[in-house]
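Let chain A serve as the given structure and place chain B on it in line with the hints.
Quick mapping for you: the protein sequence lines, in order, are chains A and B. 0 is the number of the first residue of the first sequence in numbering that gives the first Met the number 0; add one for each residue after it. 0 is the number of the first residue of the second sequence in numbering that gives the first Met the number 0; add one for each residue after it.
It should be emphasised that the hints constitute simulated quantities derived from the structure, not laboratory data. These numbers were taken from a predicted model, which means no experiment stands behind them. Quick reminder that beta carbons are idealized off the backbone N, C-alpha and C, glycines included. Wrong hints could be hidden among the right ones.
Chain B regions said to be covered by chain A (calculated; three or more residues, Cβ under 8 Å) [as the list claims (entries may be wrong)]:
hint : segment
1    : 25-37
2    : 90-96
3    : 378-387
The calculated label-pair distances, taken between Cβ atoms and stated as ranges, are [what the hints assert, rightly or not]:
hint : chain 1 : residue 1 : chain 2 : residue 2 : range
4    : A       : 25        : B       : 261       : 40 to 50 Å
5    : B       : 33        : A       : 14        : 25 to 35 Å
6    : B       : 352       : A       : 27        : 48 to 58 Å
7    : B       : 130       : A       : 67        : 30 to 40 Å
8    : A       : 25        : B       : 266       : 37 to 47 Å
9    : B       : 127       : A       : 15        : 31 to 41 Å
10   : A       : 19        : B       : 33        : 23 to 33 Å
11   : B       : 266       : A       : 7         : 34 to 44 Å
12   : B       : 197       : A       : 14        : 49 to 59 Å
13   : B       : 46        : A       : 27        : 28 to 38 Å
14   : A       : 14        : B       : 372       : 21 to 31 Å
15   : B       : 204       : A       : 14        : 55 to 65 Å
16   : A       : 9         : B       : 265       : 45 to 55 Å
17   : B       : 339       : A       : 58        : 18 to 28 Å
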Amino acid sequence: MYQTIGEKVSVAGVYQQGKFSPRKILWGNRTYVVDQVTFISDEKDGGVAKRTYSIMARGNVYRLAFNRSTEIWTLMEVWYEG
Amino acid sequence: MKASPNGNHPNNQLWAHVDINSYFATLLQQENPYLRNKPVGVLKAAGRTCIIAASKEAKTYGVITGCRLAEARALCPKLITVPAPFDLCLSATRQLRTIFTSFVPDVEIFSLDEAFLDLRPCRRLYPDPFEFGKLVQHTIKETLGSWVTCNVGIGRSRLLAKMTGEISPKGSVTQVTEDNILSLLASTPFSAVCGIGHRLKQRLCDIGISSLLQVSFLSDEELVSTLGPFWAVEVRKMSGGEDPELLQRIHSNDHMKCVSRTITGYGLCDSEEIIKRTLYNLTLEVITKVRIMKLAGRRVSMFVQGRDESWRGHHTSQSYLQHTAEMFSYVYDRLYKTCHRTFPVLRFGVALSLLKEQSGIQEPLFSTWHTQERLESAVDSIREKYGNFAIRSGLLTTGPVIKQEVTGYLGDKKFYGLE
Numbered sequence: 000m001y002q003t004i005g006e007k008v009s010v011a012g013v014y015q016q017g018k019f020s021p022r023k024i025l026w027g028n029r030t031y032v033v034d035q036v037t038f039i040s041d042e043k044d045g046g047v048a049k050r051t052y053s054i055m056a057r058g059n060v061y062r063l064a065f066n067r068s069t070e071i072w073t074l075m076e077v078w079y080e081g
Numbered sequence: 000m001k002a003s004p005n006g007n008h009p010n011n012q013l014w015a016h017v018d019i020n021s022y023f024a025t026l027l028q029q030e031n032p033y034l035r036n037k038p039v040g041v042l043k044a045a046g047r048t049c050i051i052a053a054s055k056e057a058k059t060y061g062v063i064t065g066c067r068l069a070e071a072r073a074l075c076p077k078l079i080t081v082p083a084p085f086d087l088c089l090s091a092t093r094q095l096r097t098i099f100t101s102f103v104p105d106v107e108i109f110s111l112d113e114a115f116l117d118l119r120p121c122r123r124l125y126p127d128p129f130e131f132g133k134l135v136q137h138t139i140k141e142t143l144g145s146w147v148t149c150n151v152g153i154g155r156s157r158l159l160a161k162m163t164g165e166i167s168p169k170g171s172v173t174q175v176t177e178d179n180i181l182s183l184l185a186s187t188p189f190s191a192v193c194g195i196g197h198r199l200k201q202r203l204c205d206i207g208i209s210s211l212l213q214v215s216f217l218s219d220e221e222l223v224s225t226l227g228p229f230w231a232v233e234v235r236k237m238s239g240g241e242d243p244e245l246l247q248r249i250h251s252n253d254h255m256k257c258v259s260r261t262i263t264g265y266g267l268c269d270s271e272e273i274i275k276r277t278l279y280n281l282t283l284e285v286i287t288k289v290r291i292m293k294l295a296g297r298r299v300s301m302f303v304q305g306r307d308e309s310w311r312g313h314h315t316s317q318s319y320l321q322h323t324a325e326m327f328s329y330v331y332d333r334l335y336k337t338c339h340r341t342f343p344v345l346r347f348g349v350a351l352s353l354l355k356e357q358s359g360i361q362e363p364l365f366s367t368w369h370t371q372e373r374l375e376s377a378v379d380s381i382r383e384k385y386g387n388f389a390i391r392s393g394l395l396t397t398g399p400v401i402k403q404e405v406t407g408y409l410g411d412k413k414f415y416g417l418e
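If we strip away everything but chain A, and leave its shape as in the complex, we get (with noise of 0.2 Å):
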């Protein structure tokens, strides 16, 4: 199941082809190398536009939002299995 966090991290990635990648997330002290992007998807709040990558990285699978107004990115939810 996924598990709630929404707490603010730091990405580092590359554009390829025109399109942004998250390559690696600093998540508290620790430092997670992205091995999958396995979804992208924007959502609209109002006028406020996110953009949530669907990531693998430690054998767990993250969700991680992109506020494209403020530039901010949270770590939304990880999974589990339980």
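Relative to the frame of chain A, chain B by itself:
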């Protein structure tokens, strides 16, 4: 009717129907590799008890849309339940639309996971419809992910394209030609025919009709006496593989006629405070959508439903409504309070209909209306900049807010700009 050499209809009408397999569950499985090859049941939200979608693995156990969670668990003890990713699905539908419009100019989004593509203008570009279907499937996988599969049905009408897609194996491309149309019409169950619902199916079954092909053997008089004048014509059209009215008016330049919102609570509710807050929340969503589409409406409807009882009412205003406070006074004071509720409520609904474009409405001269309009406009601007609930009424500060969510049949596709 004579077919062209490649098996297509001579009038060159050609439609492709694209249907993503088990949409909600497939997208969840694409997003989360741990869910792949496992039976997944999608709930509206955590704590809900109705399965609104199931993965293909869950379907093999008999878990279907609409079944109760307890029932689903009895059928499939290893079922994994996940809340519906509404925003993700809407985003995927937008991506699908982009894919489709990159192939053909005329795309009709039919529901969240289905679309009709008009192949007629692009026959030279895609001379082989089967190859076109394969190309669409490939591009969807490239864009949304390798787990996302779809059925592509191709036919001379939307009805035939959808019918063949409905009954074909997952991930297939099938084409209806003049050679196989009769077997399709003879073998497709009514449950897979778009436009034939339960009641119509029952009425047809009552006279021994179980397929569209059999309808051809009935006279017009027999059809009219059984189905009435409207459905007799509709069913006759469908029996010839032509689109029923429902599929002919997917595209319309008209604005929305009604905006509504319903919600089912987690349990029976007897608290006046929660009922008032819920009705306000639903009203706010309706008015927000109406204002964004620059519309205003005159008829306010609402209902509350308990376990066995319900109450519904409507009021038609003389003037057009486009303000939250104004509509809420109708919903709560003029409608809800008059029902003198005696039962706990499980389900709520609010609607605004008889909609008209604001540009065609004479603005009232009352200064109170203009004050309200200035207030609503200011709130609209704040929401536009900071998010839907960045500013809200005090009524919505005492509990969780109900957020907008998209429905599977995509009733408000005009609002989401998917038409």
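Violated hints - listed by number, lowest first: 14, 16 and 17
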